[in-house]
Amino acid sequence: MFDFLSDYDDPSLLGAFWTTVQLTVLSGVGSLVWGTILAAMRVSPVPLMRGFGTAYVNIVRNIPLTVIIVFTSLGLSDIFGVTMGASDFEVRGFRLAVLGFVAYTAAFVCEAIRSGINTVPLGQAEAARAIGLNFTQILRLIVLPQAFRSVIGPLANVLIALTKNTTVAAAIGVAEAALLMKEMIENEAQTLLIGAIFAFGFVVLTLPTGLILGWLSKRLAVKR
Amino acid sequence: MDKDGVKGERVEGGFRYSAGTQLVQVHPGWLPSRRVSACYQIVMLNFPSDVMTLVVRHYYCLRNRGGRSKRPMTEVSVTKDAVPMADDLVVLQNVNKHFGALHVLQDIDLTITRGEVVVVIGPSGSGKSTLCRTINRLESIDSGAISIDGKPLPAEGKALARLRADVGMVFQSFNLFAHKTVLENVTLGQLKVRKADKKAAEEKARALLDRVGVSTQADKYPAQLSGGQQQRVAIARALAMDPKVMLFDEPTSALDPEMINEVLEVMQQLARDGMTMIVVTHEMGFARSAANRVVFMADGRIVEEAVPDQFFSNPRSDRAKDFLSKILHH
Numbered sequence: 009m010f011d012f013l014s015d016y017d018d019p020s021l022l023g024a025f026w027t028t029v030q031l032t033v034l035s036g037v038g039s040l041v042w043g044t045i046l047a048a049m050r051v052s053p054v055p056l057m058r059g060f061g062t063a064y065v066n067i068v069r070n071i072p073l074t075v076i077i078v079f080t081s082l083g084l085s086d087i088f089g090v091t092m093g094a095s096d097f098e099v100r101g102f103r104l105a106v107l108g109f110v111a112y113t114a115a116f117v118c119e120a121i122r123s124g125i126n127t128v129p130l131g132q133a134e135a136a137r138a139i140g141l142n143f144t145q146i147l148r149l150i151v152l153p154q155a156f157r158s159v160i161g162p163l164a165n166v167l168i169a170l171t172k173n174t175t176v177a178a179a180i181g182v183a184e185a186a187l188l189m190k191e192m193i194e195n196e197a198q199t200l201l202i203g204a205i206f207a208f209g210f211v212v213l214t215l216p217t218g219l220i221l222g223w224l225s226k227r228l229a230v231k232r
Numbered sequence: 003m004d005k006d007g008v009k010g011e012r013v014e015g016g017f018r019y020s021a022g023t024q025l026v027q028v029h030p031g032w033l034p035s036r037r038v039s040a041c042y043q044i045v046m047l048n049f050p051s052d053v054m055t056l057v058v059r060h061y062y063c064l065r066n067r068g069g070r071s072k073r074p075m076t077e078v079s080v081t082k083d084a085v086p087m088a089d090d091l092v093v094l095q096n097v098n099k100h101f102g103a104l105h106v107l108q109d110i111d112l113t114i115t116r117g118e119v120v121v122v123i124g125p126s127g128s129g130k131s132t133l134c135r136t137i138n139r140l141e142s143i144d145s146g147a148i149s150i151d152g153k154p155l156p157a158e159g160k161a162l163a164r165l166r167a168d169v170g171m172v173f174q175s176f177n178l179f180a181h182k183t184v185l186e187n188v189t190l191g192q193l194k195v196r197k198a199d200k201k202a203a204e205e206k207a208r209a210l211l212d213r214v215g216v217s218t219q220a221d222k223y224p225a226q227l228s229g230g231q232q233q234r235v236a237i238a239r240a241l242a243m244d245p246k247v248m249l250f251d252e253p254t255s256a257l258d259p260e261m262i263n264e265v266l267e268v269m270q271q272l273a274r275d276g277m278t279m280i281v282v283t284h285e286m287g288f289a290r291s292a293a294n295r296v297v298f299m300a301d302g303r304i305v306e307e308a309v310p311d312q313f314f315s316n317p318r319s320d321r322a323k324d325f326l327s328k329i330l331h332h
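Chains A and B supply the protein sequences, listed in that same order.
For the first sequence, position 119 (counting from the first letter as 1) is numbered 127 according to my numbering, and the numbering increases by one without interruption.
For the second sequence, position 102 (counting from the first letter as 1) is numbered 104 according to my numbering, and the numbering increases by one without interruption.
Accuracy of the hints is not assured; some may be wrong.
Some chain A residues well away from chain B (every beta-carbon gap over 12 angstroms; in silico) [what the hints assert, rightly or not]:
1. 51
2. 63
3. 89
4. 93
5. 107
6. 128
7. 136
8. 211
9. 215
Taking lysine-lysine pairs in the DSSO-like style, the calculated list, with each CA pair at most 30 angstroms apart, reads [what the hints assert, rightly or not]:
10. 182/B / 226/A
11. 201/B / 231/A
12. 246/B / 200/B
13. 153/B / 246/B
14. 222/B / 231/A
15. 231/A / 200/B
16. 231/A / 197/B
17. 226/A / 197/B
What follows is a set of in silico ranges between Cβ atoms, one per label pair, in the way DEER data are often shown [to be verified]:
18. 101/B / 216/A: 45 to 55 angstroms
19. 111/B / 161/A: 51 to 61 angstroms
20. 201/A / 225/B: 45 to 55 angstroms
21. 71/A / 301/B: 51 to 61 angstroms
22. 330/B / 165/A: 49 to 59 angstroms
23. 161/A / 141/B: 50 to 60 angstroms
24. 165/A / 111/B: 33 to 43 angstroms
25. 169/A / 221/B: 37 to 47 angstroms
26. 127/B / 226/A: 35 to 45 angstroms
27. 148/A / 323/B: 45 to 55 angstroms
28. 202/B / 55/A: 33 to 43 angstroms
If you're looking for bench data, these hints aren't it; they were derived computationally from the structure.
Positions of the beta carbon are idealized from the N, C-alpha and C atoms, including for glycine.
Using the sequences provided together with the hints, build the complete structure.
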């Protein structure tokens, strides 16, 4: 029943899912960093930064991910010649996809963190100001650590969505799970089985993510 | 009840706490107890230029703020005359502030000299807390001038942060950093603002926690402590910055009645040690026993300023008489 799987070795089923994992982890880390910076901008006292943060989030989260990913390849790469330091087509596609995912997911991460910042009582920041900490110290030492702990749950949602969103990278030829699935469906007769295999693969990736992060969010919750 | 509220006597920071809530000073000075000498060392190390003032003041404080014994008015004026004019620590001149249409501070003029304990009282919404918060610029002011130790209050940025480090603040809702242990709460400012060495900061933090009587709770998180303990940690956190002046914004208003005294005791001891304090409170007992001066505010104005005995026994303004008749006799 699963014989056909051995016909695929570039990439193999596991190899394709490994690419999916790599896309998810790299984009996840990147969007966490960029999303945090955006959230800091959105609560900063500088109007220009607040404006940029707000504009970025509202523009980027309202563009379909497919448009963003296709743009990184056809727009950034083909027209503006951005190669992300890669000569190889495969590597370039992968890196461009990560760039697109980071840009897109960061908007959602930013909003999650900003809602977390709003759960930190104002008194915490006031007490920090009262002992003479400056804005970046207050954010870094007092507000963000508490904000992060309260948004682990929402961030898990974003991460799960990101994992599944990586399938869009197939649109620019990144050899991840969805591209392999498309290839298999074209070549084989067992369409339902193939669908089930890939659905199961994604559940295997996302279910533990959700459970572990859910447990973490309970464990790390700030008691008040 | 507080964990270390043992029946009978306990000795803390060189002061003996009798079985009740009364605080009995073992010795007027700093020599006999190890803890007191540690506290003294901290003070001496951090106010080198003001040592003499402090020593002199310490004795004045002991003499003049003598616990619950009523002191004659004349003695107070002697104390005040002994303070030179150049020793004005906090000066507010013609300060005005609006919250929208509400004129919450109206032409406030107030001068607090070094070592003085000023208690601000008044009905809710009279601007007491706002006044307190303008002094370290947690609230901005619309007009007027505030200076601390001769320097005008900076508007923003590094200079403001530096000034805030010199002004300790204790809030009604404690505001301990919820994700940090008690010890981390007290060391944070020393490490990040004063750039102190980690070991020295922890040593100092433990000494301060000992002084406010919560040394056994050092590794717990704020949520695990009672309100009174949290507020005492908050006082230790402010003291760790070696502030020139301490602001207390209704420090006991959020506490259960049985925890109020343990916080007031710490504050009274601070007052005896010569700390400059501005205290917004509804605790009239504290105002009577620890204050050098009572400032009565109503509707955004300072209506009356007087020494506690005069204010409570013979208020001049009708507004103060009305206020006192409502809170003192029922």
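Taking the hints in turn, this is what the structure says about them:
1. The claim that residue 51/A lies off the interface holds: its Cβ sits roughly 16 angstroms from the closest Cβ of chain B, which is beyond the 12 angstroms cut-off.
2. With a cut of 12 angstroms on Cβ distances, residue 63/A stays outside the contact zone with chain B, its closest approach being about 25 angstroms.
3. With a least beta-carbon separation of about 42 angstroms from chain B, residue 89/A lies farther than 12 angstroms from that chain, consistent with its non-interface assignment.
4. Distance to chain B confirms residue 93/A as a non-interface residue, since its nearest Cβ pair spans about 38 angstroms, more than 12 angstroms.
5. For residue 107/A, the condition that its CB be more than 12 angstroms from all CB atoms of chain B holds, with the nearest at approximately 33 angstroms.
6. Once the 12 angstroms rule is applied to beta carbons, residue 128/A is inconsistent with being away from chain B; the minimum gap is 8 angstroms.
7. Not every CB of chain B lies more than 12 angstroms from the CB of residue 136/A, the least distance being 7 angstroms, so the non-interface label is violated.
8. A cut-off of 12 angstroms between C-beta atoms confirms that residue 211/A is not in contact with chain B; the least separation is 34 angstroms.
9. No Cβ of chain B comes within 12 angstroms of the Cβ of residue 215/A; the nearest lies about 29 angstroms off, and the non-interface call holds.
10. Between residue 182/B and residue 226/A, the direct Cα distance comes to roughly 17 angstroms. Compliance with the 30 angstroms bound is thereby established for this hinted pair.
11. Distance hint between residue 201/B and residue 231/A is fulfilled; the C-alpha atoms sit about 28 angstroms from each other, no more than 30 angstroms.
12. Taking the CA atoms of residue 246/B and residue 200/B, the gap is about 23 angstroms. The hint holds against a cut of 30 angstroms.
13. Between residue 153/B and residue 246/B the alpha-carbon distance is near 13 angstroms, which keeps this suggested pair within the 30 angstroms criterion.
14. Of the pairs offered as hints, the one joining residue 222/B and residue 231/A holds, with about 12 angstroms between alpha carbons and a cut-off of 30 angstroms not exceeded.
15. A hinted pair counts as satisfied when its Cα atoms are at most 30 angstroms apart, and residue 231/A with residue 200/B qualifies at roughly 26 angstroms.
16. For the given pair, residue 231/A sits about 29 angstroms from residue 197/B by alpha-carbon distance, which is consistent with the 30 angstroms threshold.
17. Only pairs whose Cα atoms come within 30 angstroms are accepted, and residue 226/A paired with residue 197/B is rejected, the gap being roughly 34 angstroms.
18. Residue 101/B and residue 216/A have their C-beta atoms about 51 angstroms apart, which keeps the hinted 45 to 55 angstroms range intact.
19. The hinted range of 51 to 61 angstroms is satisfied by residue 111/B and residue 161/A, whose Cβ atoms lie roughly 52 angstroms apart.
20. The hinted window of 45 to 55 angstroms between residue 201/A and residue 225/B holds, with their beta carbons roughly 53 angstroms apart.
21. In this structure the supplied range 51 to 61 angstroms holds for residue 71/A paired with residue 301/B, their Cβ-Cβ distance being about 54 angstroms.
22. The given range of 49 to 59 angstroms is respected by residue 330/B and residue 165/A, whose C-beta atoms sit roughly 57 angstroms from each other.
23. Between residue 161/A and residue 141/B the Cβ separation comes to about 35 angstroms, which falls outside the hinted range of 50 to 60 angstroms.
24. Between residue 165/A and residue 111/B the CB atoms are about 56 angstroms apart, so this pair departs from the stated range of 33 to 43 angstroms.
25. Between residue 169/A and residue 221/B, the C-beta spacing of about 39 angstroms keeps the proposed range 37 to 47 angstroms intact.
26. At about 41 angstroms, the CB distance of residue 127/B to residue 226/A agrees with the hint of 35 to 45 angstroms.
27. Range check, residue 148/A to residue 323/B: Cβ separation about 52 angstroms, and the 45 to 55 angstroms hint holds.
28. A hinted range of 33 to 43 angstroms for the beta carbons of residue 202/B and residue 55/A is consistent with their spacing of about 41 angstroms.
Consistency note: the structure conflicts with the earlier hints numbered 6, 7, 17, 23, 24.
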